[in-house]
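As given, the protein sequences belong to chains A and B, one line each in that order.
Using numbering that gives the first Met the number 0, read the first sequence as starting at 0 and increasing by one per residue.
Using numbering that gives the first Met the number 0, read the second sequence as starting at 0 and increasing by one per residue.
If you're looking for bench data, these hints aren't it; they were derived computationally from the structure.
Treat the hints loosely; a few may be bogus.
Since the list gives no way to pick one copy over another, a pair counts as held whenever it fits inside one copy or between any two copies.
Capping the alpha-carbon separation at 27 Å, the derived lysine-lysine pairs in DSS-like fashion look like this [said to hold, decoys possible]:
#  : residue 1 : residue 2
1  : Lys15     : Lys115
2  : Lys71     : Lys12
3  : Lys31     : Lys71
4  : Lys3      : Lys31
5  : Lys31     : Lys106
6  : Lys71     : Lys106
7  : Lys115    : Lys3
8  : Lys106    : Lys3
9  : Lys115    : Lys12
10 : Lys71     : Lys3
11 : Lys115    : Lys71
12 : Lys106    : Lys12
2 protein chains.
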Amino acid sequence: MAPKLKQVIVIRKDLKMRRGKEVAQGAHASMKVVLENLENPLVQEWLDEAFTKVCVSVDSEEELFSIYDEAKTSGIIAAIITDSGLTEFAGVPTVTCAAIGPDWSDKIDLVTGHLKLR
Amino acid sequence: MAPKLKQVIVIRKDLKMRRGKEVAQGAHASMKVVLENLENPLVQEWLDEAFTKVCVSVDSEEELFSIYDEAKTSGIIAAIITDSGLTEFAGVPTVTCAAIGPDWSDKIDLVTGHLKLR
Numbered sequence: 000m001a002p003k004l005k006q007v008i009v010i011r012k013d014l015k016m017r018r019g020k021e022v023a024q025g026a027h028a029s030m031k032v033v034l035e036n037l038e039n040p041l042v043q044e045w046l047d048e049a050f051t052k053v054c055v056s057v058d059s060e061e062e063l064f065s066i067y068d069e070a071k072t073s074g075i076i077a078a079i080i081t082d083s084g085l086t087e088f089a090g091v092p093t094v095t096c097a098a099i100g101p102d103w104s105d106k107i108d109l110v111t112g113h114l115k116l117r
Numbered sequence: 000m001a002p003k004l005k006q007v008i009v010i011r012k013d014l015k016m017r018r019g020k021e022v023a024q025g026a027h028a029s030m031k032v033v034l035e036n037l038e039n040p041l042v043q044e045w046l047d048e049a050f051t052k053v054c055v056s057v058d059s060e061e062e063l064f065s066i067y068d069e070a071k072t073s074g075i076i077a078a079i080i081t082d083s084g085l086t087e088f089a090g091v092p093t094v095t096c097a098a099i100g101p102d103w104s105d106k107i108d109l110v111t112g113h114l115k116l117r
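For reference, chain A alone in the conformation it holds in the complex (with noise of 0.2 Å):
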């Protein structure tokens, strides 16, 4: 049974990252909607349940913002991770992830369900 909340942690597969600095930033992401929306009810009543997560790519910073401001618009939760670039990305501040809802399934598929599972 598909989850009725979930929240989309949408990666750049492009920049290549090591595998422990993707989680690293999707922790960012994910943790970042949360921390800004804990009064929502949608996110309380989504960590009430399983807080279920499902991870995604995409293939560039243009298609990372493109899916970023789709949800927002959709008034869909979100948050967009900026890495300082201080110990990777050799020194450059760089857009690695976003992570979009938590809200319901059906409306985030919407904006994401086109994008391939990491």
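Given the structure of chain A, go ahead and fit chain B onto it with the hints provided.
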């Protein structure tokens, strides 16, 4: 400069999870510690800083529990994640990862400093 406060996400490498599955599980662990300890001054200070996260690996469930137990014994906040197995792991609930801290880097390094960067 090494961060003063950090959180270490410890992933079971032996499970050979998909990359995206690791991202989702790591985000679960990271978030669980934070939500369970929102009133902890160290957590607040970490969130106000760069909320540094580092991801390392272990080779077994036994090793993961050993790290987790050592962290708790050392007075470091920590969380361990058991995946329901509903979509992976052939339906068997499976312990996938843990998050250690946030806490002072020096203190966490005594527990996780020997583990391989993921």
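### Task
Indicate which option fits the pair lysine 71, lysine 106 if close means a Cα-Cα distance not exceeding 27 Å: within, between, both or neither.
within (12 Å within a copy, 40 Å between copies)
### Task
Using 27 Å as the alpha carbon limit, work out where lysine 115 and lysine 3 are close: within a copy, between copies, both or neither.
Only inside one copy: lysine 115 and lysine 3 sit 20 Å apart there, 37 Å across copies, limit 27 Å.
### Message
Treating 27 Å as the Cα threshold, decide for lysine 71 and lysine 12: within, between, both or neither.
### Response
Cα proximity of lysine 71 and lysine 12: one copy only (22 Å, versus 35 Å across).
### Message
Reference check for the pair lysine 106 and lysine 3, CA-CA at most 27 Å: within, between, both, or neither?
### Response
Cα proximity of lysine 106 and lysine 3: one copy only (10 Å, versus 40 Å across).
#### Entry: Homomeric proximity label, lysine 115 with lysine 12: Cα distance no greater than 27 Å
both (10 Å within a copy, 23 Å between copies)
### Query
Given identical chains, is lysine 3 near lysine 31, meaning Cα to Cα at most 27 Å, within a copy, between copies, both, or neither?
both (21 Å within a copy, 20 Å between copies)
### Task
Measure nothing new, just compare the shortest in-copy and cross-copy C-alpha distances for lysine 31 and lysine 71 to 27 Å and report within, between, both or neither.
Both: 15 Å inside a copy, 25 Å across copies.
### Message
Regarding lysine 71 and lysine 3, is the shortest C-alpha distance of 27 Å or less found within a copy, between copies, in both, or in neither?
### Response
within (19 Å within a copy, 34 Å between copies)
### Query
When no copy is specified for lysine 31 and lysine 106, does a C-alpha distance of 27 Å or less occur within a copy, between copies, both, or neither?
both (20 Å within a copy, 25 Å between copies)
### Message
Within a copy, between copies, both or neither: which one fits lysine 15 and lysine 115 at a CA-CA cutoff of 27 Å?
### Response
For lysine 15 and lysine 115, both the intra-copy (16 Å) and inter-copy (19 Å) Cα distances are at most 27 Å.
### Query
Can you tell me if lysine 106 and lysine 12 fall within 27 Å by alpha carbon in one copy, between copies, both or neither?
Intra 24 Å, inter 34 Å, cutoff 27 Å: intra-copy only.
### Message
When Cα atoms must be at most 27 Å apart, do lysine 115 and lysine 71 count as within-copy, between-copy, both, or neither?
### Response
Result: close within a single copy only, 20 Å intra versus 38 Å inter.
Every hint from the earlier list agrees with this structure, and none is contradicted.
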